[in-house]
Amino acid sequence: MISITDKPIDSTAVLASVSDPDCGANVLFVGTTRRMTGQRETTRLEYECYEAMAVSKMESLVALAHEQWPIAKVSIVHRVGVVEIETASIAVAVSSPHRSASFEAASWLLERLKQEVPVWKREIWADGQEEWVHPETGGLPELPERDPSEASP
Amino acid sequence: MIKRVLLFASAKETLGQDSVDLELAADATVADLRKQLVNDYPVLNDLVARSHIAVDQQFALDDMSLTDAREVALIPPVSGG
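Protein chains in written order, with numbering that gives the first Met the number 0: chain X, 0 to 152; chain Y, 0 to 80.
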C-alpha cells in the first residue's frame with residue numbers, strides 16, 4: 000500500500016497491510032508532529048505534495064528496498080493538509096522473515112523519502128510565524144539514482 | 000513553445016498561483032527553462048537556484064531537452080516525512 004491521504008492515518012491498518020505468513024518481523028514507523036524544536040513551539044504543520052510524482056518516487060524507493068533487503072511487503076502512507084501536534088503525518092511498515100532486514104529497510108526508506116519525495120511542510124509556530132520548510136543543508140538535494148528498471152544490477 | 004511549470008510550497012505561495020506558462024524556444028532545455036523562469040519571476044531567483052526541475056515526474060538534468068516534455072514542475076527542497 001502506497002498512498003497520500005488527507006484523512007487521519009490508521010497506523011494499525013498500515014501495519015496489518017504488511018502481514019505475511021512467512022514473516023516473523025513487522026516494523027512500523029509513525030512520524031508525528033512534534034511540539035518543541037529546541038526552545039521554539041510548533042502549533043501545527045500543514046503538508047502539501049506533488050501527488051503523482053510523490054507516489055511514483057515512493058514506488059521507486061520500495062523497488063530499490065526490495066533489491067537491497069530480503070523483505071516481503073512495504074506500505075507507506077503520507078498525510079497532507081493540517082497535521083496537529085502528536086498526530087501522524089507518515090506511517091511506514093515493512094515485513095520480513097527476520098527482523099534486521101525490516102528495521103534497516105524501514106530506516107533507509109524514511110531517509111530517502113525525506114530527501115527526494117516531493118512533499119513539503121509548512122511550519123506554523125506558536126509565536127505567529129509561518130514558513131514553508133525548504134532545508135538548506137547541502138544545498139541542492141542530490142539527484143536521485145535512475146529508476147531501478149534502468150539501473151545496472 | 001509554451002511550457003506550463005507546476006509550482007508547489009513557497010513558490011506557489013510567493014506567486015499566488017499553482018503554475019506559470021513560459022515562452023521557450025522549440026529546442027529549449029531544462030537550463031533554458033530555469034533562466035526564463037527567473038527572468039519572468041525574479042522573486043523566485045533564490046529558490047529556483049536551490050530547486051530541481053521535474054519532467055514527467057522524474058528529476059531532470061539541466062541539459063535535458065523539453066521538446067517532448069508533457070509535465071514540468073519546479074521542485075523546491077523537500078521536507079516530507
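If you're looking for bench data, these hints aren't it; they were derived computationally from the structure.
Glycine is no exception: its CB is placed at the ideal position from the N, C-alpha and C atoms.
Check the hints yourself; a few may be wrong.
[Unchecked claim] Here are some, though not all, of the chain Y residues that point toward chain X, as calculated from beta-carbon distances under 8 Å:
| # | residue |
| --- | --- |
| 1 | 28 |
| 2 | 72 |
| 3 | 79 |
[Stated by the list, open to error] Lysine-lysine pairs mimicking DSS-like chemistry, simulated, CA-CA at most 27 Å apart:
| # | chain 1 | residue 1 | chain 2 | residue 2 |
| --- | --- | --- | --- | --- |
| 4 | X | 72 | Y | 11 |
| 5 | Y | 34 | X | 6 |
| 6 | X | 113 | X | 72 |
| 7 | Y | 34 | Y | 11 |
| 8 | X | 6 | X | 72 |
| 9 | X | 6 | X | 113 |
Is the interface hint for residue 28 of chain Y satisfied, with its Cβ closer than 8 Å to some Cβ of chain X? Violated, about 15 Å.
Exercise. Going straight from one Cα to the other, do residue 113 of chain X and residue 72 of chain X come out at no more than 27 Å?
Worked result: holds, 20 Å
Just to be careful, I want the Cα atoms of residue 72 of chain X and residue 11 of chain Y compared with a cutoff of 27 Å; is the pair within it? Distance of about 36 Å is beyond 27 Å: violated.
_What's the verdict on residue 6 of chain X and residue 72 of chain X, does the C-alpha distance respect the 27 Å limit or exceed it?_
holds, 23 Å
Notebook entry, point to check: Given the hint that residue 6 of chain X pairs with residue 113 of chain X, does the C-alpha gap stay at or below 27 Å?
Noted result: With a Cα-Cα distance of about 21 Å, the restraint between residue 6 of chain X and residue 113 of chain X holds, given a limit of 27 Å.
Checklist entry - Does residue 72 of chain Y pass the interface check with chain X, least Cβ-Cβ distance below 8 Å? => result holds, 6 Å
Practice prompt. Please work out if residue 34 of chain Y and residue 11 of chain Y have their alpha carbons no farther apart than 27 Å.
Written response: holds, 18 Å
| task | Return the status of the interface hint for residue 79 of chain Y: holds when the least beta-carbon distance to chain X is below 8 Å, violated otherwise. | result | holds, 3 Å
**Prompt:** Has the given pair, residue 34 of chain Y with residue 6 of chain X, been kept, meaning a C-alpha gap of at most 27 Å?
**Reply:** Between residue 34 of chain Y and residue 6 of chain X the Cα gap is close to 39 Å, so the pair fails against 27 Å, i.e. violated.
This entry does not satisfy hints 1, 4, 5, going by the numbered hints stated previously.
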